[in-house]
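**Q** Order-wise, the sequence lines are chains E and U.
Residue 205 in UniProt numbering sits at position 205 of the first sequence, and the numbers go up by one each step.
Residue 44 in UniProt numbering sits at position 44 of the second sequence, and the numbers go up by one each step.
Treat the hints as calculated values from the structure; they're not laboratory data.
Check before you lean on any hint, since a few could be wrong.
As the list claims (entries may be wrong) - Simulated restraints, written as ranges between beta carbons of each label pair: (1) E:T54 - U:S277: 25 to 35 Å; (2) U:L125 - E:E120: 49 to 59 Å; (3) U:W63 - E:G121: 44 to 54 Å; (4) E:D216 - U:I82: 49 to 59 Å; (5) U:I109 - E:E120: 22 to 32 Å; (6) E:A352 - U:F120: 26 to 36 Å; (7) U:S177 - E:T54: 46 to 56 Å; (8) E:S294 - U:S177: 36 to 46 Å; (9) U:I82 - E:A157: 36 to 46 Å; (10) E:E36 - U:R98: 45 to 55 Å; (11) E:E203 - U:A22: 44 to 54 Å; (12) U:L94 - E:E37: 55 to 65 Å; (13) U:Y48 - E:G121: 28 to 38 Å.
Keep in mind the model is a prediction, meaning the values are calculated, not measured.
All residues carry an ideal CB built from backbone N, CA and C; glycine is no exception.
So you can see what is in the structure, the chains are spelled out below.
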Amino acid sequence: MKTKLLSSVVMIAALGAQSAQAETLHLLTWGGYAPEEVIAMFEEETGHTVEVTTSNNEEMIAKLRATNGGGFDLAQPSQDRITSAQEEFGIYKPIDMSMVNADLFIPSMLEATAGNTTYEGEVYGLPHIWGTSGLVINTAEAEGVTDYTDLCNEEVAGKVSYRLKRPTLIGFAYAMGLDPFAAYGDEAAYQEILDQVEAKLTECKPNVKTYWDGGDEIQNLLRSGEVVASMAWDTGGWQLNADNPDITFVAPDSGALGWIDTFVLPARGRADAAAYDWINFVMRPDIAAMITNSAGNFTASVGGDEGVSADLKARYQASFDQAAIDNIKWYPPVPAGLEALEGATLDRVNAAN
Amino acid sequence: MVSDGSKLGFYLLLAPILLWLAVLIILPHIGLFVVSISERVGPREYEYGIGNYVTFFEEPLYWRTFARTAIMSIAATALTLILGFPIAYYIAKLTRGRTKTTLFLMCMIPFWVSELVRTFGWMILLRETGVISNALQYLGLVDGPVEMLYNDAAIMVGLVYTSILFMVVPLVTTLDSLDDSLIEAGYDLGGTGAAILREIVIPHAMPGIVSGCIVVFMLSLGNYLTPILLGGKDSLWFTGMIYTQFITRFNWELGSALGFLLLLLSSAVVFLGLKLSRQSLAETMGRA
Chain E
1 MKTKLLSSVV MIAALGAQSA QAETLHLLTW GGYAPEEVIA MFEEETGHTV EVTTSNNEEM
61 IAKLRATNGG GFDLAQPSQD RITSAQEEFG IYKPIDMSMV NADLFIPSML EATAGNTTYE
121 GEVYGLPHIW GTSGLVINTA EAEGVTDYTD LCNEEVAGKV SYRLKRPTLI GFAYAMGLDP
181 FAAYGDEAAY QEILDQVEAK LTECKPNVKT YWDGGDEIQN LLRSGEVVAS MAWDTGGWQL
241 NADNPDITFV APDSGALGWI DTFVLPARGR ADAAAYDWIN FVMRPDIAAM ITNSAGNFTA
301 SVGGDEGVSA DLKARYQASF DQAAIDNIKW YPPVPAGLEA LEGATLDRVN AAN
Chain U
1 MVSDGSKLGF YLLLAPILLW LAVLIILPHI GLFVVSISER VGPREYEYGI GNYVTFFEEP
61 LYWRTFARTA IMSIAATALT LILGFPIAYY IAKLTRGRTK TTLFLMCMIP FWVSELVRTF
121 GWMILLRETG VISNALQYLG LVDGPVEMLY NDAAIMVGLV YTSILFMVVP LVTTLDSLDD
181 SLIEAGYDLG GTGAAILREI VIPHAMPGIV SGCIVVFMLS LGNYLTPILL GGKDSLWFTG
241 MIYTQFITRF NWELGSALGF LLLLLSSAVV FLGLKLSRQS LAETMGRA
């Protein structure tokens with residue numbers, strides 16, 4: 001009896017040890033953030049296997065909400081969308097900093113993200129990849145477009161596209177001389193800004209060819225020449241620039257909008273060890289450079305920009321001089337409830353004729 | 001003993017369909033209904049109320065989109081019927097044997113690829129730099145590029161194309177069962193083509209027409225991909241609205257209410273359609 005018990009204990013322990021060594025990491029991330037070759041290197045080095053699901057900010061939150069934070073072991077929403085989702089749905093668990101190799105992160109970014117993702121005294125996010133949204137312009141045909149509101153100009157009528165989402169509201173507000181981030185804490189003031197932006201977007205609607213949804217869609221429209229001026233992500237512009245030198249990303253006069261995508265642990269994730277292994281692996285400078293070359297955006301890894309291809313660096317520098325970098329408007333955390341106001345505004349713009 | 005055994009067998013055979021109904025249809029709808037009558041009062045705080053349904057009736061955007069979706073779906077159904085009936089008649093009555101099978105198969109071939117691929121196909125054809133626009137320019141019929149995508153007509157084309165098979169199949173089945181001698185008798189008695197169509201063919205095909213229309217209407221009303229991809233900046237579709245509420249607005253409560261209203265609307269339209277055509281659901285589904 002005793003030996004039987006002992007052997008079963010040993011067996012359970014052995015099984016437990018095995019699962020602690022090699023786990024399956026369910027990663028919920030953006031397209032390009034987990035390139036095949038990085039996954040292969042990670043699997044070889046750690047013995048974990050990685051299953052990737054690509055998504056976007058809203059879908060990540062919706063997916064995790066549906067399972068109360070289960071089904072995935074690591075997710076990568078933007079830093080401004082973490083505290084409100086945590087407050088509303090409780091879908092994340094705090095980061096255990098003792099499991100993270102903090103030396104790999106650029107200290108200022110680590111600190112800023114920690115500040116922006118702190119909820120009830122606990123830190124929920126680590127910075128991974130940052131980038132901006134601004135204008136992607138076909139400079140040969142839409143030279144006059146230097147700010148978001150220029151998308152409403154006569155000379156680009158019918159050849160404009162942007163998303164009907166919150167970055168558009170924020171970008172237009174800044175271009176109209178308003179300061180939406182300063183009004184985040186004051187619902188009445190924010191509603192006033194939204195009303196002005198709504199009027200502008202409604203007036204601008206005849207100029208728009210279509211509202212784009214996915215990154216591939218806007219790239220297609222720009223590449224075919226059907227759209228010559230758009231509000232889009234910087235990487236999209238740089239990728240197009242490789243094929244057509246006329247098209248590139250332009251930081252708008254009123255400032256590009258800066259986002260940081262993070263690492264967060266879903267509340268009911270089961271492979272935390274593998275998740276921390278992944279974080280420490282992809283933040284290594286050599287791996288970070290591989291991801292930058294694949295995703296097109298720079299990371300929060302110390303020295304991660306050294307291995308980045310010269311082409312990408314050149315494009316980045318052409319779009320951003322020091323003044324443009326200083327002018328980037330970084331998204332502060334969105335207070336819960338603000339998105340309902342924005343949603344109503346976007347709906348009305350969508351329905352306007 | 002024997003009756004006990006057969007009873008057991010009966011219940012065992014019944015079990016899968018009951019499970020299907022309970023687990024995949026009834027339970028989710030109860031859940032959806034419960035969510036739809038919750039209102040958010042604060043973070044993680046909800047209380048019961050009909051606020052979401054009130055929102056629907058108070059916000060013109062929602063019920064206008066709702067009405068627009070219903071009207072366009074009915075129009076798509078009518079168009080599908082008009083296009084599908086001659087095809088079905090030709091297949092069922094004017095062809096025999098191998099030709100018949102081949103034609104039937106040709107109707108089905110587009111459905112071997114997914115709806116997404118078919119919709120992208122239409123986008124390639126209709127867009128400003130697309131096949132049709134280029135062909136028209138090449139032939140000298142137009143001066144500059146023509147944009148045929150991103151409008152309601154494009155949605156209509158997509159919807160009809162997506163659902164025509166579901167109209168043709170029940171029509172072919174019912175028309176097949178119509179005895180040719182009845183049509184011949186009609187001609188012998190001096191009936192014109194139009195009269196025979198009106199007095200003999202259509203009454204006989206009615207169950208097929210109605211069941212085809214029900215399926216096509218439901219498919220169009222619940223379609224998400226086609227209106228989103230082919231429609232333009234003004235082309236709102238109710239399913240897109242439900243998606244927005246659930247995914248981008250995190251407002252599951254309103255999304256559920258809209259989903260429930262869609263269910264009620266489609267049931268009401270089908271009920272009305274059956275009443276107007278004086279068909280019963282049982283007869284329609286049984287004969288088609």
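**Q** Each of the hints needs a verdict: does it hold here or not?
**A** Verification of the supplied hints:
no., hint, result
1, E:T54 - U:S277: 25 to 35 Å, "violated (47 Å)"
2, U:L125 - E:E120: 49 to 59 Å, "holds (55 Å)"
3, U:W63 - E:G121: 44 to 54 Å, "holds (45 Å)"
4, E:D216 - U:I82: 49 to 59 Å, "violated (36 Å)"
5, U:I109 - E:E120: 22 to 32 Å, "violated (59 Å)"
6, E:A352 - U:F120: 26 to 36 Å, "holds (29 Å)"
7, U:S177 - E:T54: 46 to 56 Å, "holds (50 Å)"
8, E:S294 - U:S177: 36 to 46 Å, "violated (60 Å)"
9, U:I82 - E:A157: 36 to 46 Å, "holds (37 Å)"
10, E:E36 - U:R98: 45 to 55 Å, "holds (48 Å)"
11, E:E203 - U:A22: 44 to 54 Å, "holds (52 Å)"
12, U:L94 - E:E37: 55 to 65 Å, "holds (59 Å)"
13, U:Y48 - E:G121: 28 to 38 Å, "holds (33 Å)"
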